[in-house]
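Asker: Sequence:
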Amino acid sequence: MLPISNPTSKAEAMPADVLAWSYGTALVAAGISVAPAEYGGTTHTFGQANNFLVFPGLGLGVKAAGAARVTKAMLAAAARAVASQVDVSAAGAPILPDVASLRELSAVVAQAVCAAAMSDGVATEKHDDVSKAIRQIMWIPAYRRVTS
Numbered sequence: 011m012l013p014i015s016n017p018t019s020k021a022e023a024m025p026a027d028v029l030a031w032s033y034g035t036a037l038v039a040a041g042i043s044v045a046p047a048e049y050g051g052t053t054h055t056f057g058q059a060n061n062f063l064v065f066p067g068l069g070l071g072v073k074a075a076g077a078a079r080v081t082k083a084m085l086a087a088a089a090r091a092v093a094s095q096v097d098v099s100a101a102g103a104p105i106l107p108d109v110a111s112l113r114e115l116s117a118v119v120a121q122a123v124c125a126a127a128m129s130d131g132v133a134t135e136k137h138d139d140v141s142k143a144i145r146q147i148m149w150i151p152a153y154r155r156v157t158s
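Heads up: the sequence shown at position 75 corresponds to 85 in my numbering, and the numbers run straight through without jumps.
What the hints contain is simulated information worked out from the structure, not anything from laboratory work. On a predicted model such as this, the values are computed, not experimentally measured, just so you know. Fair warning: there could be bad hints in the mix.
As the list claims (entries may be wrong) - Below 25 Å or equal to it, Euclidean Cα-Cα: the simulated PhoX-like pairs (lysine-lysine) are:
1. Lys82 / Lys136
2. Lys73 / Lys136
3. Lys142 / Lys73
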């Protein structure tokens, strides 16, 4: 179940409740950040389902490829890249990556999107090292110190 509405007051259900209602069998992600919950001796961690898992990397991949348009294959590649960043083999594991690793996730998504753009023939840029090209165009937040 993906109770993805936010803020918390608008959530369709809380993940811990969904686990209890499903006797621990539901796959759950939420639109809000929620604490892990225990059910049946297993601690379950919940990923946060939000478009920020895909869009920074999608845009970065489009830019790196100089893609003339976004194709279905590019969108599918972005989704697969997000899914590839979680190990769901352990009991209670989240089904989505942790938002704390968003920068790294965005680079992985961008690489997949760029490769799909090249494969689909919509890329206008070619790179010998796609990873390096992505890192070079990736925005780095640098804030100047504010003084009074």
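Asker: For every hint, state whether the structure bears it out.
Answerer: Evaluated hints:
no. : hint           : verdict
1   : Lys82 / Lys136 : holds (20 Å)
2   : Lys73 / Lys136 : holds (12 Å)
3   : Lys142 / Lys73 : holds (13 Å)
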